[in-house]
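Undergrad: Sequence:
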Amino acid sequence: MSSSIFNTIAVRILLHLTGWVLLIYAPDFFDEGFATMLNENPNYFWHRAFFFIPLIPLFYWNAYFLIPKYLITRNIRAYALALVSSLVPLWGLIVLIDYIYHVHISHLMTMEQWFFYEPIRDSILDIFFFVGLSIAYKFTLLWFKNERLKQQAELDLLKSQVNPHFLFNTLNSIYSLAHQKSDKTEDAILKLSQLMRYMIYDTNKNKVALSKEVDYLNDYIELQKLRISKNVSINFEVAENVSHCSIEPMLLIPFVENAFKHGISYTNASTINIRLDVTQKRLRFNVENTCHQQNKEAGTGGIKSASGFGLNNIRKRLALLYPNQHSLNISKKNNIHLVELTLQLEE
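If you count the sequence shown from 1, position 11 lands on 10 in numbering that gives the first Met the number 0, and the numbers rise without skipping.
Taking lysine-lysine pairs in the BS3-like style, the calculated list, with each CA pair at most 27 Å apart, reads: (1) K206 x K315; (2) K260 x K180; (3) K144 x K204; (4) K315 x K144.
Read the hints as simulated data drawn from the structure, not as lab findings.
Given the sequences, and given the hints that come with them, work out the whole structure.
TA: Structure, rendered in structure tokens:
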């Protein structure tokens with residue numbers, strides 16, 4: 000068992016224990032007569048614990064066995080029968096514990112007084128409270144689990160849409176080289192195979208090393224350089240402190256794709272500047288490219304295209320993966336299209 004799994008289990012156990020202590024004892028602290036009662040009955044805390052301890056197994060028995068086996072499968076009759084079969088002996092055990100404590104251990108009352116003792120009758124309400132609490136607990140867990148599954152399914156769908164989109168653009172680039180009978184075609188195919196290896200073997204993970212994502216971006220840029228003219232200036236600057244962080248795969252590439260798709264002119268000088276750095280686990284990723292007149296239909300150098308397929312996809316992924324932990328600004332100034340992304344990463 001890994002240490003992370005052990006830590007998760009330990010935290011859950013600690014949270015449950017804390018919850019039980021608060022549930023059992025917290026209401027008494029708001030009772031004005033609690034101090035007086037504690038003076039009269041110094042063993043009250045032990046009695047309270049023994050009274051509720053049998054109810055705690057009921058909580059888990061109902062949540063993790065009866066509900067999944069009967070209630071979730073809509074077998075209401077079997078669930079009711081199994082629940083009642085569990086409650087009757089449990090109530091008998093609670094009554095016996097209370098009788099032993101009040102009559103034989105603490106001698107707080109006679110047997111006749113205990114028989115009419117009101118909390119004994121109220122214990123039935125406590126039992127049904129714990130049953131209701133376990134039902135609420137279980138269905139809350141199921142709701143969160145379903146939400147996580149829905150979110151993961153949406154992320155998987157968005158991630159699967161990235162790969163064909165990228166592959167389509169890259170194959171177009173290689174086709175252009177092959178059509179020109181360029182000597183660069185073999186190098187392009189080799190670069191593509193490296194990119195595909197990353198996409199197949201690494202992008203099925205939830206997180207990858209940021210350095211791997213950087214290598215992927217670099218291979219993509221090198222592949223694009225094979226097809227563009229010499230009047231395009233490309234700068235890719237990466238800080239040295241990226242090796243200790245992790246990131247979701249294929250998260251940065253749509254911004255770079257967008258820059259190459261809408262920021263390159265084969266007649267005018269073009270510039271693409273990409274910078275990535277990490278400070279205190281906070282990633283800053285800037286992509287800027289020149290805007291060209293011929294890109295008006297595509298959205299004036301990428302502004303309109305920023306709301307297209309690729310970047311709409313990435314906006315959704317960012318919202319799911321980094322809620323309240325990212326910012327994305329896309330703007331145009333002085334004929335320059337600029338993307339500014341910040342992310343709070345994990346080590």
